[in-house]
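Asker: So the sequence shown is residues -11 to 201, counted in the numbering used here.
These aren't lab readings, by the way, just hints derived from the structure by calculation. Any given hint could turn out to be false.
Claimed, not checked - Calculated cross-link-like contacts (lysine-lysine; reagent style BS3-like; alpha-carbon spacing at most 25 Å):
#  : residue 1 : residue 2
1  : K167      : K156
2  : K128      : K87
3  : K68       : K160
4  : K129      : K100
5  : K100      : K65
6  : K68       : K100
7  : K186      : K160
8  : K156      : K129
9  : K87       : K64
10 : K57       : K68
11 : K128      : K160
12 : K57       : K87
13 : K191      : K136
14 : K167      : K136
15 : K184      : K160
16 : K129      : K87
17 : K128      : K152
18 : K128      : K186
19 : K167      : K184
20 : K100      : K128
21 : K152      : K167
22 : K65       : K87
23 : K100      : K152
24 : K87       : K136
25 : K100      : K156
26 : K136      : K156
27 : K68       : K87
28 : K167      : K186
29 : K160      : K129
30 : K156      : K186
31 : K87       : K191
32 : K152      : K186
33 : K184      : K152
34 : K184      : K156
35 : K156      : K191
36 : K152      : K129
37 : K136      : K160
38 : K129      : K167
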Amino acid sequence: MKKETVILYIVIAFLVGFIAGATVAILKGSSGGGKPAMVQKPQPVPQGDLPPAGPGPGPSPTELNLKIKTLQGIVKKDPKNLPAWVELGNLHFDAGQPKEAIEAYNQYLAIKPDNADVRTDLGIMYRQLGDFDRAIGEFKKAAQTDPKHMNSRYNIGIVLLHDKQDVKGAIKAWEEYLKVDTNSERANRIRSQIDKMKQMAEKMPPPKPPAAK
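Sequences are here, hints too, so could you generate the full structure?
Answerer: Shown next as structure tokens:
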């Protein structure tokens, strides 16, 4: 076995272990909370005829379906009701229905394309479907819309590292993130991860030149 092959196997094993141990929580659109998407509730929308939110950690499946049907009726009568579209997307998000969430978020963004929070949530839903390139594209659009939007920038690195195993790409993405967030606890964690990732990248063999035709 060639030495380069042995090194490659070692690096791949190290990469798999590193990714498994790295922080991989994707973050919802709100740039202020920094909570993982699984626990962050969508922001309430002021809408007079929406069903009231019930007490407790979250609505039951029956309540969730009722809210979804109510909102579907609202947007059918008023397709330009932006609060209803984003709330419908959030409910589908929480229900684990990415295709339906994507439809609702796209309806919202067709009217208001400059909302970085909604576009970030859209990217998360594409990631859940396994469309990692589209997810990264939406995160980049969100960051372009709002250069200080931290969660979209953070998520780019997560998808590159965890889903595409692109260590160098993730390093670059998180270095861009650190230009926006310099002193937070998350920034310190990212710096530590970048240092480890750079050490790992140095051990990776250089790509082979393309074969001559």
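Asker: Now, for every hint given, state plainly whether the structure supports it.
Answerer: Right, here's what the structure says about each hint:
Distance check on the hinted pair: K167 and K156 sit about 17 Å apart at the alpha-carbon level, within 25 Å; holds. Among the hinted pairs, K128 with K87 is consistent with the structure: their alpha-carbon atoms are about 20 Å apart, no more than 25 Å. Straight-line distance between C-alpha atoms of K68 and K160 comes to about 38 Å, which puts the hinted pair past the 25 Å bound. As the CA atoms of K129 and K100 are separated by approximately 13 Å, the hinted pair is consistent with the 25 Å bound.
For the hint pairing K100 with K65, the CA-to-CA distance comes to about 19 Å; that is within 25 Å, so the pair holds. Pair hint K68 plus K100 holds up; C-alpha atoms about 10 Å apart against a cutoff of 25 Å. Annotation: proposed proximity of K186 to K160 holds, straight-line Cα distance about 10 Å (limit 25 Å). With a C-alpha separation of about 21 Å, the suggested pairing of K156 with K129 holds against the 25 Å cut-off.
Between K87 and K64 the alpha-carbon distance is near 18 Å, which keeps this suggested pair within the 25 Å criterion. Straight-line distance between C-alpha atoms of K57 and K68 comes to about 17 Å, which keeps the hinted pair within the 25 Å bound. With a C-alpha separation of about 13 Å, the suggested pair K128 and K160 falls inside the 25 Å cut-off, and the hint holds. Among the hinted pairs, K57 with K87 is consistent with the structure: their alpha-carbon atoms are about 16 Å apart, no more than 25 Å.
Proximity of K191 to K136 is assessed by CA-CA distance (about 33 Å); at most 25 Å being required, the pair is judged violated. With a C-alpha separation of about 9 Å, the suggested pair K167 and K136 falls inside the 25 Å cut-off, and the hint holds. For the hint linking K184 to K160, the alpha-carbon distance of about 14 Å falls within 25 Å, and the restraint holds. Simply put, K129 and K87 have alpha-carbon atoms about 20 Å apart, close enough for the 25 Å limit, and the pair holds.
At roughly 16 Å between alpha-carbon atoms, K128 and K152 fall within 25 Å of each other, so this suggested pair holds. Simply put, K128 and K186 have alpha-carbon atoms about 23 Å apart, close enough for the 25 Å limit, and the pair holds. Straight-line distance between C-alpha atoms of K167 and K184 comes to about 19 Å, which keeps the hinted pair within the 25 Å bound. The straight-line distance between the Cα atoms of K100 and K128 is roughly 17 Å, inside the 25 Å bound, and the hint therefore holds.
Of the supplied pair hints, the one linking K152 and K167 holds, its CA atoms being roughly 23 Å apart against a limit of 25 Å. For the suggested pair K65 and K87, the alpha carbons sit about 22 Å apart, so the restraint of at most 25 Å is met. Using a Cα cut-off of 25 Å, the hinted pair K100 and K152 is violated, with the two alpha carbons roughly 30 Å apart. Taking the CA atoms of K87 and K136, the gap is near 28 Å; set against the 25 Å cutoff, the hint is violated.
For the proposed pair K100 and K156, the alpha carbon gap of about 33 Å is over 25 Å, so the pair is violated. With a CA separation close to 22 Å, the supplied pair K136 and K156 stays within the 25 Å bound. Taking the CA atoms of K68 and K87, the gap is about 20 Å. The hint holds against a cut of 25 Å. Under the criterion of a C-alpha separation no larger than 25 Å, the hint pairing K167 with K186 is consistent with the structure, at around 18 Å.
Simply put, K160 and K129 have alpha-carbon atoms about 17 Å apart, close enough for the 25 Å limit, and the pair holds. Distance check on the hinted pair: K156 and K186 sit about 8 Å apart at the alpha-carbon level, within 25 Å; holds. Restraint check for K87 and K191: not satisfied, since their Cα atoms lie roughly 40 Å apart, outside the 25 Å limit. A hinted pair counts as satisfied when its Cα atoms are at most 25 Å apart, and K152 with K186 qualifies at roughly 17 Å.
Straight-line distance between C-alpha atoms of K184 and K152 comes to about 18 Å, which keeps the hinted pair within the 25 Å bound. Between the alpha carbons of K184 and K156 the distance comes to roughly 12 Å, so the proposed pair stays at or under 25 Å and holds. As the CA atoms of K156 and K191 are separated by approximately 12 Å, the hinted pair is consistent with the 25 Å bound. Note on K152 and K129: the hinted pairing holds, with a Cα-Cα distance of about 19 Å set against a maximum of 25 Å.
For the suggested pair K136 and K160, the alpha carbons sit about 17 Å apart, so the restraint of at most 25 Å is met. Taken as a hint, the K129 and K167 pair is honoured in the structure, with Cα atoms around 17 Å apart against an allowance of 25 Å.
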